[in-house]
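If you read the protein sequences in the order shown, they are chains C and X.
Per our numbering, residue -6 is the first one in the first sequence, and the count goes up by one each step.
Per our numbering, residue 229 is the first one in the second sequence, and the count goes up by one each step.
Don't read these hints as lab results, they were simulated from the structure.
Since we're looking at a predicted model, the values are computed, not measured.
Heads up, some of the hints might be wrong.
[Claimed, not checked] Some chain X residues near chain C, calculated using beta-carbon distances under 7 Å:
hint	residue
1	248
2	252
3	258
[Stated by the list, open to error] To be clear about the criterion: a stretch of chain C counts as covered by chain X if any three or more of its residues have a C-beta under 8 Å from a C-beta of chain X, and this derived list gives those stretches:
hint	stretch
4	-2 to 10
5	143 to 157
6	292 to 302
In this text, a Cβ means the ideal position worked out from N, Cα and C, and glycines have one as well.
This is what each chain is made of:
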Amino acid sequence: MKALHQFLPSYAVHDAVGGHARQIRRLAREMGLRSDIYAGNARRSGDALPLADFERMPVSRDAVLLYHLSTGSALVELLLHRPEPKVVNYHNVTPAQFFDGWDPPMAAELSVGRHQLEAIAAAADLGIAVSAFNERELRTAGFRETAVAPVLVDLEAFDRAVDHQALARLTKAKAKAGGGADLLFVGRLAPNKAQHDLLKALAAYRRVYDPKARLHLVGTSSSESYRTALVAYADRLGLAEAIEFTGSVSDGVLAAHYRAADVFVCVSEHEGFCVPLLEAMHHRVPIVAYAAAAVPETLAGAGVLLPTKDPLTVAAAVNRVLADETLAAALRERGCVRLGDFSLERSRRRFTEVLEAYLSGG
Amino acid sequence: MTDVHGAPDTEHLMAAIEGEVRRARASGALPQGFEQELDRLFAELSPASATGEGFAEMLRKAEEYSFIDPLAPVASNIRGGSAAKGAIRRLVLWNLEWMARQVSAFDHTVVVALRQLHERIQRIEQDVAAHPPAVSVRRAPPDVTEWAEFVADVLKETRGRVLHAECGDGTLVAALARGGLDAYGVDPRADLALAAADAGLDVRPDEVEDHLGLIGDGELGAVVLSGFVDSIALPRKVALAERAARAVAPDGSVLILSVDPRTWLAMGSPVEVDLAPGRPLRAETWQYLLEERGLRFVDVRHHTAQPAAEGATLGTGTYALVMARPR
Chain C
-6 MKALHQFLPS YAVHDAVGGH ARQIRRLARE MGLRSDIYAG NARRSGDALP
44 LADFERMPVS RDAVLLYHLS TGSALVELLL HRPEPKVVNY HNVTPAQFFD
94 GWDPPMAAEL SVGRHQLEAI AAAADLGIAV SAFNERELRT AGFRETAVAP
144 VLVDLEAFDR AVDHQALARL TKAKAKAGGG ADLLFVGRLA PNKAQHDLLK
194 ALAAYRRVYD PKARLHLVGT SSSESYRTAL VAYADRLGLA EAIEFTGSVS
244 DGVLAAHYRA ADVFVCVSEH EGFCVPLLEA MHHRVPIVAY AAAAVPETLA
294 GAGVLLPTKD PLTVAAAVNR VLADETLAAA LRERGCVRLG DFSLERSRRR
344 FTEVLEAYLS GG
Chain X
229 MTDVHGAPDT EHLMAAIEGE VRRARASGAL PQGFEQELDR LFAELSPASA
279 TGEGFAEMLR KAEEYSFIDP LAPVASNIRG GSAAKGAIRR LVLWNLEWMA
329 RQVSAFDHTV VVALRQLHER IQRIEQDVAA HPPAVSVRRA PPDVTEWAEF
379 VADVLKETRG RVLHAECGDG TLVAALARGG LDAYGVDPRA DLALAAADAG
429 LDVRPDEVED HLGLIGDGEL GAVVLSGFVD SIALPRKVAL AERAARAVAP
479 DGSVLILSVD PRTWLAMGSP VEVDLAPGRP LRAETWQYLL EERGLRFVDV
529 RHHTAQPAAE GATLGTGTYA LVMARPR
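If we strip away everything but chain C, and leave its shape as in the complex, we get (with noise of 0.2 Å):
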């Protein structure tokens, strides 16, 4: 085996799935493979290049293609019109139905994307999952071979310079609000990730415990409707002043959110791994976090995990973390160890064994 060459629908340079693949790349060039990312949106003067120039390659037996599949996409009908073996990079497709009632365009893509797991999971030789949550949907979708290992994220870049003017502003809010928690999360606003619950839990923590706390929602929006619903239940709750809806900031201005937070709250109900987890831990910020799909797993403990996300049992577990230092504490540490699990070496370790074996056709 000479290439191995990688494949997205679209390629981000600060997604979890963009630095992943750089670092596919840059592993498989260690081991002497000629490698590139091809992507649909891609520039030949950016990072990744265009499928075009893909195109034009001659098919080489020598070379494997690995396909990222997080959602639908043309790129599946292309892989598997060609000869070349293939491998599937699976970190997970969202379940249709959240996203039904809300953007049927996105949901039908992700249907399409659930679809063409199962139509590609013949023609590729191994399918491998970054947690064990989606290695079992590689399995129900008909992959015969599968592994798993976990995304390759380069904590050290979780230490990006702190946008100060930024912490200023929330530090300032605080102190305006004469005190109050901070709660955060970080992701997109999307039905699945369940924004809606969070600003339940607000509400009933601001009613039971500490009526200044604030909620920060942190990423940019998978669907305008679910965005425009939140904003005005937000609204309806008398929270909008509370909530914080950041939409898509630098670097700097998440270090800013995760120094100035004072815990990391998660009621999502499907995620195929949750990389802001690993970013909390690694901020030392304590998580409480329901547990759904792959969270308990990549938490590992290193959380409060709930069995149920109901509005007060949440506020409860939040107050338990806040009121408790020594729990606070023994979480921060709980996530530290944790976080060495997915430390780049360990996990370019994981995933070069797992290339290996089955470049050796082990």
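Knowing the structure of chain C, use the given hints to seat chain X on it.
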């Protein structure tokens, strides 16, 4: 709340959080109905299919989306971008319009077909036994007082919330709450449920199946089913067993408080008994249904026949079946 190694002691931590939730509810720190109001407000802002609402509303939405607009927006942040996009739009509009008309026609036809299909299914549903009869019978509230002590004892170690469905006036909910459990109830008879809520109990007016359908897997500590389980049709009973079994956490319980079918005809209101779409099941059958769904048998108790109170659905020849989800 950490162990000797300084790691969080999960078991004790969760018990402490659940205790805190019970205290907060009991103290009235969260006004009665607060969480239901949160749900209601969000449901008002959610599209129909996101909240599991009516098929008709979904069809309306599908019809709305069936129109394909060939006029792409031309706004642009790039200088001259708008003009360029406008020019491209003018160039390809005839082609897009031709395609959009065909796609819209296809979509619209599909929606119309779905609407007709929906009407046919509605007619079929009205004809089958699984559908509630056209005759509306107001069932008497279940009298479960004879089981209150037993249920409270069986559930005394329960972790998490305990749901009583249908709970009527909340007698059992009150008994369980007095025993320190985080109990709540649902009942479709709004007047009963609201009266119970006015009395300070966490009782919500809701259909049991709808309510259980919104609860995630393993979210509850226990589910107690009584009253309506006797009279609903068999398909609903099977679906109910499925939902209840899924709703309870490992170590959680499902309790069935039911009338022995052998005494069913001889007791209760004749009108109610005659017009009920279903009949009670024997304890062994509920046990079988719940074992099929991963629960294990714990206990069954029978109360032998006693004089039936007028209009009562329980009170004579009744049983309590206790099933649990293995850890």
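query: Which of the numbered hints above does this structure break?
result: Hints 4, 5 not satisfied by this model.
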